[in-house]
Amino acid sequence: MSVESLIFEKGAPGRRCATMAAMDVPTEALDRMIPANMLRKQPAALPEVSEIEVVRHYTHLSQRNFGVDTGFYPLGSCTMKYNPKLNEDMAALPGFARLHPLQPDSSVQGAIQLVYELEQYLAEIAGMARVTLQPSAGAHGELTGLMLIKAYHEHQGQGHRNIVLIPDNAHGTNPASATLADYRTVEVKTDPGNGGIEMDHLKALLEANGTNIAAIMMTNPNTLGLFDSNVAEIAELVHEVGGQLYYDGANANAVLGITRPGDMGFDVVHFNLHKTCSTPHGGGGPGAGPIGVKEHLVPFLPGPLPAKGDNGYYWEDAGPQSIGKVRANNGNFGVLVRAYTYIRTYGPDGLLHVARSAILNANYLRQELSSDYEIAFPLMCQHEFVATAERQKAESGVTALDVAKRILDFGMYAPTIYFPLIVHEALMIEPTETETRETLDYFVSVMHQIAEESRTNPEIVKTAPHTTPVGRLDQALAARKPNLRWTPGQEVTHS
Amino acid sequence: MGYVPNTPEDQQAMLTRLGLSTLEDLLAPVPENVRLRRPLELPAALSEPDLKRLLNGMAANNQNLDNWISFLGAGNYDHAIPSVVPHLQKRSEFVTSYTPYQPEVSQGMLQAIYEFQTMICQVTGLDIANASLYDGSTAVVEAVFMAIGPGGRGEVVVSEGVDPQYRRVLRTYAHARGFSVKEVPTRNGVTSVEDLDAAMSPTTAAVVVQQPNFFGCIEDMTAIEPVAHRGKSIFITNITEPASLGILAPPADYGADIAVGEAMNLGNAISYGGPACGFIAARSKFMRLMPGRLVGQTVEEGGKKQTGYVLTLQTREQHIRRERATSNICTNQSLLAVGVAIYLAALGKQGFRELAELCLQKAHYAFRQITAIPGYAAAFSSPFFEEFAIRLQVSAQKLERHLEQSGIIGGYPLGKNYAGMEDCMLFCVTETRTKADIDLLVSALKEVQA
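Line by line, the protein sequences are chains E and R.
The first sequence begins at 1 in our numbering and counts up by one.
The second sequence begins at 1 in our numbering and counts up by one.
In case anyone wonders, no lab produced these hints; they're calculated from the structure.
Fair warning: this is a prediction, and the values are worked out from it, not measured in the lab.
Hints are supplied without guarantee of correctness; some may be wrong.
Pairs of lysine-lysine residues, derived as BS3-like cross-links and limited to a Cα-Cα distance of at most 27 Å, are as follows [unchecked claim]:
{"no.": "1", "chain 1": "R", "residue 1": "Lys416", "chain 2": "R", "residue 2": "Lys446"}
{"no.": "2", "chain 1": "R", "residue 1": "Lys446", "chain 2": "R", "residue 2": "Lys435"}
{"no.": "3", "chain 1": "E", "residue 1": "Lys462", "chain 2": "R", "residue 2": "Lys304"}
{"no.": "4", "chain 1": "E", "residue 1": "Lys85", "chain 2": "R", "residue 2": "Lys90"}
{"no.": "5", "chain 1": "E", "residue 1": "Lys481", "chain 2": "R", "residue 2": "Lys285"}
{"no.": "6", "chain 1": "E", "residue 1": "Lys308", "chain 2": "R", "residue 2": "Lys52"}
{"no.": "7", "chain 1": "R", "residue 1": "Lys232", "chain 2": "R", "residue 2": "Lys285"}
{"no.": "8", "chain 1": "E", "residue 1": "Lys10", "chain 2": "R", "residue 2": "Lys90"}
{"no.": "9", "chain 1": "E", "residue 1": "Lys85", "chain 2": "E", "residue 2": "Lys203"}
{"no.": "10", "chain 1": "R", "residue 1": "Lys435", "chain 2": "E", "residue 2": "Lys481"}
{"no.": "11", "chain 1": "E", "residue 1": "Lys308", "chain 2": "R", "residue 2": "Lys416"}
{"no.": "12", "chain 1": "E", "residue 1": "Lys10", "chain 2": "R", "residue 2": "Lys305"}
Derived DEER-like restraints, expressed as beta-carbon distance ranges [said to hold, decoys possible]:
{"no.": "13", "chain 1": "R", "residue 1": "Arg38", "chain 2": "E", "residue 2": "Pro320", "range": "32 to 40 Å"}
{"no.": "14", "chain 1": "R", "residue 1": "Pro39", "chain 2": "E", "residue 2": "His160", "range": "53 to 61 Å"}
{"no.": "15", "chain 1": "R", "residue 1": "Leu54", "chain 2": "E", "residue 2": "His160", "range": "44 to 52 Å"}
{"no.": "16", "chain 1": "E", "residue 1": "Thr463", "chain 2": "R", "residue 2": "Arg38", "range": "51 to 59 Å"}
{"no.": "17", "chain 1": "R", "residue 1": "Gly19", "chain 2": "E", "residue 2": "Pro94", "range": "49 to 57 Å"}
From the three backbone atoms N, C-alpha and C, an ideal C-beta is built for every residue, glycine too.
Full structure from sequences and hints, please.
Here it is in structure tokens:
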């Protein structure tokens, strides 16, 4: 496939696409309305293209992009499940999509009702007292949760607590969020036996730093796809020293209806609605990262929160202890409409079936791949597991990156690679519940072929992909000579 | 069931491969002491037709902007969206992909974001832009973090002309991170340069001013800039209405170091305020301090050298740098950014300017008509773009109720956020309002007076 040139290289001076509204009011001279020094001198150098050019250009770009609708997308920890079309239609209803966020409550009763009910559903799924729907993504939820924990400690006269414990297999957002909340992070080791938190290490850290521990952030099942069966004891130990427990809900697809973060002992949890509740990932977003909290943290939640009174639904302002808002308006509402539709599609039995089916698909792949690839922790997994290319690397120098690139040649996306950081040559695989057995079997056959090729013809793997719109790209050049925008006269190489 | 394709028979066969007999056997790793041994208390499952009925009913219970004539702005602006934009943006290859970790099969999203980054640079005049942030308010926060630097302290000076919600968000983050925020009052609807001057100190890390500001007024940035740059202070412009850049000077022209703001209303549904689309643009010296994803152009490895696009400078980011990352952002608002790119391509060089002029002229027509009514006075005499504050002789609530009877959603009651402005309403007129809409508003306002 040839290169699609940039939109800036297309069109011609004077060419137009959108037609503008009529100027149906009497006009005034610009210089009577805007001071000369604040007037734009040159129009922005935006494209000058016709509608057909716009349509073909972005259609071509979409054809050069791979999504869940294109094929299997086993990107670990990202829960790339099918995104129901119904949910898209519901979010696009003018009664939801055409609302101004500052309309009076009386004029948006349906919208507030939806978020009010969604809050209740998520609180029940999480085992928490209340949920704020404000955070825009998982990392935003993490930071909000840590701010709540900080506010709580300050209120308890424990504002000196400055350490957040984070397992060495945690998502990178956990330590980054802790830093933004002005916390110091201390890493907790993984138990090489069961893949959970190493209890002796945790106990030693709690003993050494107990009075300075603000919180521990955990993902359960963790990024190895393993459920930490010590979680209740961990909660007890952390609570004993006065710390709070934060649940990173990136992997919540595995626990729906089976266990609840609140019941495990967590104080705060975030959900990634774009993962667990199937709202589309949009090429990197938007998501939504609502957080649920136990009763003692409710006074600190960002406001406003949805409420129901005699005169209908309304937004209730936060109380005096609230941390304040974490973004403008009331969250990624369009995403919330999709999540609401999703939960109502499944109901309680359906959500349990989702989780169990996701776990079955992951274990099935783990089992079927285990003859060709090392499995980092060969135990019963939850919604995902980590295979490795260690064997291939030792045999023929084929790396996890090479395997990932070769998978692309077979019309599938690649697993998450080199994560978690504690596993060498990691291939983190999450099939989700929405894949058929045949798709899983096809993936297994491809992985088997790649393992074969690694032994017999490793070059084909090392130079993959071969069938994609472009081959491997020069990442080093991109970082060494950053080109982050087009400028007129810029050379674009077409082959 | 639902979107789980495998039948009980499929699943039984898979369980057999695993040497298990039931789905429950898969849950052995979850200890009994944390198991939920009851069904979740949620409403029972609904079929697609039933769900459509339910949600259509809820949606019908809202007064939407297609059926009502709205004069609400206040940081969220309703602009017409050409049909090409959603048709292209909603192509499912864009919608159902994720962060382009595998660039070979993600060139479409990467190139669209590269085009978005370029267009943000074109409208702001600045050198670089990222792939999007959550919303305008968190974009202000990220810009302030860039100014303060890693682990830094210091004070941020913010004009009261900055959207009150944004200032509230900034204070939330400031408390958690440990820096202070000083607010500077406005006079006659614009930032008081005298008070800004007095607020500056050797610890001032950044100054944030909004253009046009929350009152819709146009700040004299050339008067503000030398003060905002005093010492080592970084000058940040916040733009909640980027459509204004069709006609107003771009931030680069008046010396801003960083421009941030909200771009959702350039081509994306207003959707009750979210998903939004924060943007950030800066001078190139800030490149390695930028938060979030950056798409860069490169070439293929080996001999072919065909152009391609990748996520780049990733050593700034959380998945590599962890606790030393420039930001914690991972998931952003990419699909909205694609919408913005398609919208700006559709409007183009001429259309983008015309959009701004339509908003400007229609708002000024409305302003002249309203201020000609006895009892409705301009709150300020400063120049404005498409929003203006009016002092009322009736309460904002009473006026709101009255306008509702004419199918009109009135302006924003400024008393919610500004002491001494309890009698003021902020009206917004974009290109979506016709002369007839404006005249209807004017006659409704006259009735309240009478």
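Now the hints, each set against the structure:
1. R:Lys416 / R:Lys446: holds, 24 Å
2. R:Lys446 / R:Lys435: Holds. R:Lys446 to R:Lys435 sits at ~16 Å (cutoff 27 Å).
3. E:Lys462 / R:Lys304: holds, 17 Å
4. E:Lys85 / R:Lys90: Holds: E:Lys85 and R:Lys90 sit about 11 Å apart, inside 27 Å.
5. E:Lys481 / R:Lys285: Roughly 14 Å separates the two Cα atoms, so the pair holds.
6. E:Lys308 / R:Lys52: Holds, because 24 Å separates the two Cα atoms, which is no more than 27 Å.
7. R:Lys232 / R:Lys285: Judged against 27 Å, a Cα distance of about 14 Å means the pair holds.
8. E:Lys10 / R:Lys90: Measuring from Cα to Cα gives roughly 22 Å; hence the hint holds.
9. E:Lys85 / E:Lys203: Violated: E:Lys85 and E:Lys203 sit about 48 Å apart, past 27 Å.
10. R:Lys435 / E:Lys481: violated, 51 Å
11. E:Lys308 / R:Lys416: OK: E:Lys308 and R:Lys416 at ~22 Å, within 27 Å.
12. E:Lys10 / R:Lys305: Status holds; Cα separation ~22 Å.
13. R:Arg38 / E:Pro320: 32 to 40 Å: Roughly 37 Å apart at Cβ, these two residues keep to the hinted range, so it holds.
14. R:Pro39 / E:His160: 53 to 61 Å: Since R:Pro39 and E:His160 have Cβ atoms about 43 Å apart, the given range 53 to 61 Å is violated.
15. R:Leu54 / E:His160: 44 to 52 Å: holds, 50 Å
16. E:Thr463 / R:Arg38: 51 to 59 Å: holds, 55 Å
17. R:Gly19 / E:Pro94: 49 to 57 Å: Given range 49 to 57 Å: holds, Cβ gap about 53 Å.
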